[in-house]
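Undergrad: Single-letter residue listing:
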Amino acid sequence: MIEVQQLTKRYGDREVVRGITFSAQRGQILGFLGPNGAGKTTTMRMLTGYLPASSGTAKVAGYDIFTESAEVRRRIGYLPENPPLYPDMTVRSYLTFVAKLKGVARGEVAEARDKVIERTGLGEVSHRLLSHLSKGFRQRVGLAQALIHNPEVLVLDEPTIGLDPRQIIEIRSLIKELSGNRTVILSTHILPEVSQVCDKVVIINEGHVACEELLSNLTKDGTLEEVFLRYIAQDAAAHGEAVELESEVLTTGPGAEE
Amino acid sequence: MRNTLTIAGRELRSYFVSPIAYVVMTGFLLLGGWFFFNLLARFNYLVSMYSSFQGGREAMQRLNLNEFVIAPLLHNLSVVLVILVPMITMRSFAEEKRAGTYELLLTSPVATWEIVLGKFFGAVAFIFVMVGLTGVYGLILSAYGNPEFGIMAAGYLGLFLLSVTFVTIGLFASSLTENQIIAAVAGLVMLLLLYVIAWPADTAGETMGGILRYVSVTEHFGDMVKGVVDTKSLVYFASMIIGWIFLTERSVESIRWR
Chain A
1 MIEVQQLTKR YGDREVVRGI TFSAQRGQIL GFLGPNGAGK TTTMRMLTGY
51 LPASSGTAKV AGYDIFTESA EVRRRIGYLP ENPPLYPDMT VRSYLTFVAK
101 LKGVARGEVA EARDKVIERT GLGEVSHRLL SHLSKGFRQR VGLAQALIHN
151 PEVLVLDEPT IGLDPRQIIE IRSLIKELSG NRTVILSTHI LPEVSQVCDK
201 VVIINEGHVA CEELLSNLTK DGTLEEVFLR YIAQDAAAHG EAVELESEVL
251 TTGPGAEE
Chain B
259 MRNTLTIAGR ELRSYFVSPI AYVVMTGFLL LGGWFFFNLL ARFNYLVSMY
309 SSFQGGREAM QRLNLNEFVI APLLHNLSVV LVILVPMITM RSFAEEKRAG
359 TYELLLTSPV ATWEIVLGKF FGAVAFIFVM VGLTGVYGLI LSAYGNPEFG
409 IMAAGYLGLF LLSVTFVTIG LFASSLTENQ IIAAVAGLVM LLLLYVIAWP
459 ADTAGETMGG ILRYVSVTEH FGDMVKGVVD TKSLVYFASM IIGWIFLTER
509 SVESIRWR
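For the protein sequence lines, the chains are A and B, in the order given.
Per my numbering, numbering of the first sequence is gapless, rising by one per residue and ending at 258.
Per my numbering, numbering of the second sequence is gapless, rising by one per residue and ending at 516.
Keep in mind that the hints were calculated from the coordinates and are not lab data.
Just to be clear, a hint being listed does not mean it is correct.
Pairs of lysine-lysine residues, derived as DSBU-like cross-links and limited to a Cα-Cα distance of at most 30 Å, are as follows [what the hints assert, rightly or not]:
1. B/484 / A/135
2. A/135 / A/115
3. B/355 / A/59
4. A/135 / A/59
None of these values were measured; they are calculated from a predicted model.
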């Protein structure tokens, strides 16, 4: 479903993403893990066609992200780190707009909108202005806009960041529920989230893949935290960089174990 | 085309829910009303003065509404547009970039030119409403006097073409930055330059002077206000509008080259 080959992003001399390679099958939820600044967002932006890659290739749903960008964009639902909301629109008018933009057929726009409002539990706020919504609801609208054209691939960039524990649980179960036979890429630096939601884990550090493994294989030897830190340390050593443990990944997020 | 209309519709709606648009429109109409009132008062004063002394009859023949009211009114309005159009267009791209909705637009299956044209038509529709409302002055003059309709129509055509050209330049300025203030100032400076670019024409020698006059928006607009609709002017406005839209498209697309 998603095949990434040696994808690289350079800004001048600085390589932000250095030849990463990974894949995800249909129906899998792939946890995209890494310290802040590891290149997670950049990779997702390349996959969704927002940024061009400097080199390498990737296929999403069988379409090349360079040569068939429009086809890829038709099949991807993307929730950026900040939900892309127009504050002056109501939930309904916003979702109608996005549905048209994503190429939902004219006669099916209203239906797609109502369905997605129901699935993401936005019914009670559907006539409110987006600027008046709480963070949790804004995140749900963000999910709703990613889902509205029923895409085969969902790309979610830190979907639970900044939410309170109850909202985090809600969004997580929503993601699990929505995945179905879609492929989901979920970036996060909250480890418990991965163990609860994902089937497969890709850990990236300093722009390269430190580990690509099914979750069940990973957690055989130790907790995810230990595994994560070990891979990051190994990767850093292998690339001759100072080992700098990101204590943040251990302590953020509810349920993180010390 | 459908995508363009979707974006244009959202754009136009957002103008009418934003306070900036109402402030700009009110300001424009207020100033327009002030100009109209004063020009008309001066015209009345001249008429009564000339009719009060002998030999004034002859001078009265030269007083006409087109030359003494409509032409200066349109010139004044064009100066106000130099200042106000950048205030209208400043948010079109800059605000999307700041709010993150740019990511939504660029990751949707929509071509760059559709986005640019959508923004363009939205802004043009708003400007047409705003400038069109000043048409009421023409109606008032027609009801109580006898201005020459053809000259007036040519003048208004000039004002519309001028404002559409200004919109494309404002959009281009907005596409360069994510800061609305910078977009407004850059747009204002570019429009002012275009407005005064022919100032050195008389002393710049024949060839250079001719070029400067042709590039200057004021020359073509001035001709049309006098009632002269030259093909040269129409070609000028058409090439300006298409040229700046093209540059804006390149500027938006350039995110994909970096």
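Undergrad: Hint by hint, say whether it matches the structure.
TA: Here's how the hints hold up against the structure:
no.	hint	in the structure
1	B/484 / A/135	58 Å, violated
2	A/135 / A/115	22 Å, holds
3	B/355 / A/59	27 Å, holds
4	A/135 / A/59	33 Å, violated
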